Amino acid sequence: MSRSHEPIFWGLFGAGGMVAALILPIFIVITGLLYPLGIIPAELLAYDRIFAFASSWWGALILLVVICFPLWLSLHRLYHCLHDFKIHAGVRTQTVFYGIAYTATIASIVLVLVL
Amino acid sequence: MAEIMKMSILRYRPETDEKPVWQSYDVPYNHETSILDALGYIKDELDPTLSYRWSCRMAICGSCGMMVNGQPKLGCKAFLRDYAGGELKLEALANFPIERDLVVDMSDFIAKLESIKPYIITQEPRSLDDGCTTQTPKQMEQYKQFSMCINCGLCYAACPQYGLDNKFTGPAALALIHRYNNDTRDQGKAERMKFINEEAGVWGCTFVGNCSVVCPKGVDPAAAIQLGKVESAKDYVIQMFKPGE
Chain A
1 MSRSHEPIFW
11 GLFGAGGMVA
21 ALILPIFIVI
31 TGLLYPLGII
41 PAELLAYDRI
51 FAFASSWWGA
61 LILLVVICFP
71 LWLSLHRLYH
81 CLHDFKIHAG
91 VRTQTVFYGI
101 AYTATIASIV
111 LVLVL
Chain B
1 MAEIMKMSIL
11 RYRPETDEKP
21 VWQSYDVPYN
31 HETSILDALG
41 YIKDELDPTL
51 SYRWSCRMAI
61 CGSCGMMVNG
71 QPKLGCKAFL
81 RDYAGGELKL
91 EALANFPIER
101 DLVVDMSDFI
111 AKLESIKPYI
121 ITQEPRSLDD
131 GCTTQTPKQM
141 EQYKQFSMCI
151 NCGLCYAACP
161 QYGLDNKFTG
171 PAALALIHRY
181 NNDTRDQGKA
191 ERMKFINEEA
201 GVWGCTFVGN
211 CSVVCPKGVD
221 PAAAIQLGKV
231 ESAKDYVIQM
241 FKPGE
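Sequences listed follow chains A and B, in order. Residue numbers 1 to 115, in the UniProt record's numbering, belong to the letters of the first sequence in order. Residue numbers 1 to 245, in the UniProt record's numbering, belong to the letters of the second sequence in order.
Heads up, a few of these hints could be off.
What the hints assert, rightly or not - 27 angstroms max Cα-Cα, derived BS3-like pairs, lysine-lysine: (1) A:K86 / B:K217; (2) A:K86 / B:K229; (3) B:K229 / B:K167; (4) B:K138 / B:K234; (5) B:K217 / B:K77; (6) B:K234 / B:K189; (7) A:K86 / B:K19; (8) B:K117 / B:K189; (9) B:K144 / B:K234.
As the list claims (entries may be wrong) - Covered stretches of chain A (chain B as the covering partner; in silico rule of three or more C-beta atoms under 8 angstroms from a C-beta of chain B): (10) 15-24; (11) 82-93.
Keep in mind that the hints were calculated from the coordinates and are not lab data. All of these numbers come straight from a predicted model, not from anything done at the bench. Cβ atoms here follow ideal geometry from the backbone N, Cα and C, with glycine treated the same way.
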């Protein structure tokens, strides 16, 4: 009997679920509704303010959490949906799906550090 | 005056039928007629060749599971009055091979139940002189609902993952692992974790939750499996610090 490595991906999936449920809606309301409708003043999201936010260590951490965990959530869910649609994907497909999440996570970390 | 219900039953007699065929019966019923009663009427009055499993008539034995209009139900716990004005379509339990008419081959399910060590395991042998092992109501609450399973197999018929790949250990067996692992009298958790940690263990579940919806005894196998995922994830981290295991 062999142990599944699923706990790693399930853990990231679970963390992504929390972020997607609790934090992403706030971001969507701010950037998708409040800002375009002019309810919050445009200068609050001005380039230099957002740049300062992304350059601070805590801003960078928030951005990483909001970008990376939902990526693992989505790719894990999509991978398991394949099985539900009777596409019994193997290790290669799994590598591609989790590889996208992994690459995007590394890219986000590098970009945030460069900022 | 009794009403009449048209009941269509998916028949399969391996000696004459190449594949399952539908057959209809008109069955009189009143407010108290269960589907199992209706099947008894068909067998006694209309067609003695019909085969189905049953025993207790009171949702204890778990024998009369079948698909009722596509949903897994116990024949004794589903009533014709709830389908009044419509038609009833009965089929053998989904996801199991049909043996004959409404009778399925449950060997795979039984083998899985037996394989997960569903009994209290103690490190040291105990004798009658040791006396009772007491439990507080709170300790009993940890596992009691999961011990209500009657092994009817409805959750396996409801589970899309078991339907897609029957290597999956499945809801009832995983809930039974949870039942024994959370019993304070039991010390066999380490032996059972290997069944949980497998790909075909809790990780075969994608939390559709239909098992808990169809359970006729109010057991919540989906919850047991999600708690099993937490246990398995903890176990995964612990084994990383225990080389050689």
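To see whether the hints hold, each was checked on the structure:
1. Taking the CA atoms of K86 of chain A and K217 of chain B, the gap is near 31 angstroms; set against the 27 angstroms cutoff, the hint is violated.
2. A hinted pair counts as satisfied when its Cα atoms are at most 27 angstroms apart, and K86 of chain A with K229 of chain B qualifies at roughly 23 angstroms.
3. The straight-line distance between the Cα atoms of K229 of chain B and K167 of chain B is roughly 18 angstroms, inside the 27 angstroms bound, and the hint therefore holds.
4. A C-alpha spacing of about 23 angstroms is found between K138 of chain B and K234 of chain B, which places the hinted pair at or below 27 angstroms, so the restraint holds.
5. Proximity of K217 of chain B to K77 of chain B is assessed by CA-CA distance (about 11 angstroms); at most 27 angstroms being required, the pair is judged to hold.
6. With a CA separation close to 13 angstroms, the supplied pair K234 of chain B and K189 of chain B stays within the 27 angstroms bound.
7. Our distance criterion of 27 angstroms between C-alpha atoms is met by K86 of chain A and K19 of chain B, whose separation comes to about 24 angstroms.
8. Annotation: proposed proximity of K117 of chain B to K189 of chain B holds, straight-line Cα distance about 10 angstroms (limit 27 angstroms).
9. Proposed proximity of K144 of chain B and K234 of chain B is supported: the alpha carbons are some 24 angstroms apart, at most 27 angstroms.
10. Judged by the Cβ-Cβ criterion of 8 angstroms, the stretch 15-24 of chain A is not covered by chain B as claimed, because only 0 of its residues qualify and three are needed.
11. For a cut-off of 8 angstroms, the count of residues in the stretch 82-93 of chain A with a CB near a CB of chain B stands at 4, and the three-residue condition holds.
The earlier numbered hints that this structure contradicts are 1, 10.
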